[in-house]
Every structure is written in structure tokens, then in C-alpha cells.
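In the order they appear, the protein sequences are chains P and X. Just so you know, the numbering used here puts 80 at position 80 of the first sequence, and the rest follows in order with no gaps. Just so you know, the numbering used here puts 304 at position 116 of the second sequence, and the rest follows in order with no gaps.
If you're looking for bench data, these hints aren't it; they were derived computationally from the structure. It cannot be assumed that every hint is accurate.
For lysine-lysine, the following DSS-like pairs were computed, each having C-alpha atoms within a straight-line distance of at most 25 Å [to be verified]:
(1) X:341 to P:164
(2) X:339 to P:45
(3) P:83 to P:16
(4) X:341 to P:145
(5) P:145 to X:339
Rough simulated footprint, nothing fancy, chain P against chain X, three-plus residues with beta-carbon under 8 Å [to be verified]:
(6) 193-199
(7) 342-356
Okay, the calculated bits of chain X under chain P, using three or more residues with CB under 8 Å as the criterion [claimed, not checked]:
(8) 234-240
(9) 245-255
(10) 261-272
(11) 275-287
(12) 292-302
(13) 324-333
C-beta atoms are modelled at their ideal positions from N, C-alpha and C, and glycine is treated no differently.
Letter by letter, the chains look like this.
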Amino acid sequence: MAELAVTDQPNPVTLKDLFVQFFIIGAISFGGGIVAYERILLVEKRKWLTADEFMAFLAISQTMPGLNSVNLAVLAGDLLRGKLGALIAVLGLIIPGSIFVLALGLLYSENSNHPMANFLLMGVAASACGLLAAITYRIGDDNWKHFKSVAIIVVTFCLMSIAKLALPLVLLIMAPVAIYLYRPGKSL
Amino acid sequence: MSHLPSLFLTFSLLSLLAVGGGTAVLPEMQTLLSQNFGISHTQFIHIYSFGQIAPGPNMLMVLVIGFQVAGSLGAAVVLFSFFLPSSVLCLYAGRLWERFGESPWRRSVQDALEPISIGLMASGVYAVAKASIVSPITLILALITLFLILKTKINPVFVILGSGLVGLIALKFL
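Using the sequences and the hints, build the whole thing.
Shown next, in the form of C-alpha cells:
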């Protein structure tokens, strides 16, 4: 508390609060949609970010490698409490799920040959595939409506899944081409 | 023990390649894991399913891969190498971004990377589909899920768990 008294920050955020809030998101976000929970926390519940700041952070998170939800936690944590804040926010976000998957992993390594476990997991995996297709379609959004973006999507898919090139090579080929096609002054 | 450096390198590389999120690196991850650690496609898809059931980022399932390959230490190495490189990069990118402000190239790079990451996600869907859609029942489950997620607001975790139960009953008795 003494530390808070000497700073002139309008909204002092404690590391503990940062951790607890991201931990809650990490623990309740069953079924995905973590970015939406983060927006509720950062913009609506605690007002740590303005809506504009959040959109800018989301854009960086999507452009940079890494998981969007984790990158958002890095950027928000860094803004609020520097590097340590970024670390604390990420840890809060991933600790609950980590414990959960590791518990499942332990069960699995003990029962992986059990036919019941196999049937259950095949059902889950098939459904996960449908979910992934739906998410991909939805994230694609406007990109499905323009010739240029559809062409880039199709070529990227073909290089990866049909020509079976390694991912770094695919990025090395596609990134310069796509950046050229979208260079400043070009419309969508 | 000998697997630890290799796990570290594999997941650091995947971390830095995950443009557009984890799905984009699924095919590459599947290939690398089967080459380097002998993880079969079926095993991979089982472990992938765990991420769908758990809260938090789905890609936390990489910890189970680390655990399968090299025990608790393996899980710790994967946690460190999959999350640290991209997070550090993002932190400094965020600080640079502030400084460069509104360069028109920023928009260009963002627009250009979007369709690439969607193409990579589509490859991720394809890789998961090849390993998970193995019978008419699994195809039907995938299509029902696709429909429910796109057309309703139901929480995906219920669809996934329901599908697991249906799979259990259908595949056992049919």
C-alpha cells in the first residue's frame, strides 16, 4: 500500500489483482473465446484499457506469432506493470488450464490403451475438428469475400498441405508476396 | 533426458512460427513430433482433444506432449519454450509499435498476414480432419459441431463433451 501512496497513477494495479483477474479467466474459459473474456476484464470490468487501446493490442497480438490470448495478456500486463506485470498476467492465464490438461494427460498415460478412452477421445476429436473449422471460417470473416485474400488463403493452404513444404519456407514465400500485394496505397 | 534439448528447440521454433495463433502450427507440429519423438497421429489427436476440454488456451495441450515425451521436466521445458519466445517478441513489438505509431506499412503487414494465417489455420483443420474423421460417425459428429457452432450460441465445451459421449456410445455399440 505504501508503494501505491507515492505513485500518481490514476489506476494503480497491483500485481496480485492482475494475477487473480487473469487466473479467473484462465479457469472459467471452457470452450475458448478467451479474447472476449479479456476484453470484458480489461475494458469493461476494470477499465484498465480504453476500447481503442484494446483494439490496437489485439491487432499486435494477431500479427505477432504466439497465441492471441497470451499475447494480449503480455501487452496488457506490460502496460499496467511492466515486464513483471506481463509475466504475472500470462502465468495467471495459463496456470489453471495447465493443471487441467496435465491431469488429463496423467489419466491418459495410465489408460491410453483402454478402448473406452479411445472411443470417447475419437468423439471429442471429431467434434474438435468441426469446432476448428467453424472458428477458422469465422476468423476469416471479410477475407472470404475478396479475390486477393482468398487467393492468398488457397495458395498458403496448398503449399502447406498439398506441396507439404515446411512452415518456415511457406512463410518465407508468402509473406513478401502478400505484403507486396497489400503495400500502402493498394486497396483490399 | 536426451529428449529435452530437442523438445526445447522444437517448441521454440513452433512458438516463433505461430503466426495467427496455435492452429497455424498444428500440421508442422504433427510432422515434427512424429519425426523427432515418434508420436503417432492418433496419439497427437487424442492429446489435441485435451486442449479442447480444458479451460484457458487450447494450445496448453502441448504440455501433455512434453509430459509424454519426457515426464514432468518435459512438460516444464515445453511450457517454457512454447510460451516464452513469442511472448518476449510480442512484448518488444508492442513497445516498438507504440513508437512507430501510424506508419501505413503497419496496416499493410497486418492485412497481408491475415489471409496467410487463415490459410495456415485451414491447413490445421485439414491435419486434424485427416486424423480424426475416420468413419461415418466421426464425420457426422464433426458436421453437427460445425453447424451448432456457426448457427447457435451454445458453449463449445458442451458440444465437445456431448460428442465424446455420443462417440463412446455409438462407436462401442455400432
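Tested hints:
The hinted pair formed by residue 341 of chain X and residue 164 of chain P fails the criterion: a straight-line CA distance of about 36 Å is larger than 25 Å. Proposed proximity of residue 339 of chain X and residue 45 of chain P is contradicted: the alpha carbons are some 28 Å apart, above 25 Å. About 15 Å separates the Cα atoms of residue 83 of chain P and residue 16 of chain P, which keeps this hinted pair within 25 Å; it holds. With a CA separation close to 24 Å, the supplied pair residue 341 of chain X and residue 145 of chain P stays within the 25 Å bound.
Of the supplied pair hints, the one linking residue 145 of chain P and residue 339 of chain X holds, its CA atoms being roughly 20 Å apart against a limit of 25 Å. Using a Cβ-Cβ cut-off of 8 Å, 0 residues of the stretch 193-199 of chain X lie near chain P, which falls short of the minimum of three, so the contact claim is violated. For the stretch 342-356 of chain X, the assignment as covered by chain P holds, since 14 residues bring a beta-carbon within under 8 Å of that chain's beta-carbons and 3 suffice. For the stretch 234-240 of chain X, the proposed coverage by chain P is satisfied: 7 residues have a C-beta within less than 8 Å of a C-beta in that chain, meeting the threshold of three.
With a cut-off of 8 Å between beta carbons, the stretch 245-255 of chain X has 8 residues touching chain P; three or more are needed, and the interface restraint holds. Figure legend: the stretch 261-272 of chain X, annotated as covered by chain P; annotation consistent (3 residues with Cβ-Cβ distances under 8 Å, at least 3 required). Counting residues of the stretch 275-287 of chain X whose C-beta lies closer than 8 Å to any C-beta of chain P gives 8; at least three are required, and the coverage claim holds. Look at the stretch 292-302 of chain X against chain P: 10 of its residues bring a Cβ nearer than 8 Å to a Cβ of that chain, three or more, so the hint holds.
Chain P is given as covering the stretch 324-333 of chain X, and this holds because 8 residues of the stretch bring a CB closer than 8 Å to a CB of that chain, at least three being needed.
Checked against the numbered hints above, the structure violates hints 1, 2, 6; every other hint is satisfied.
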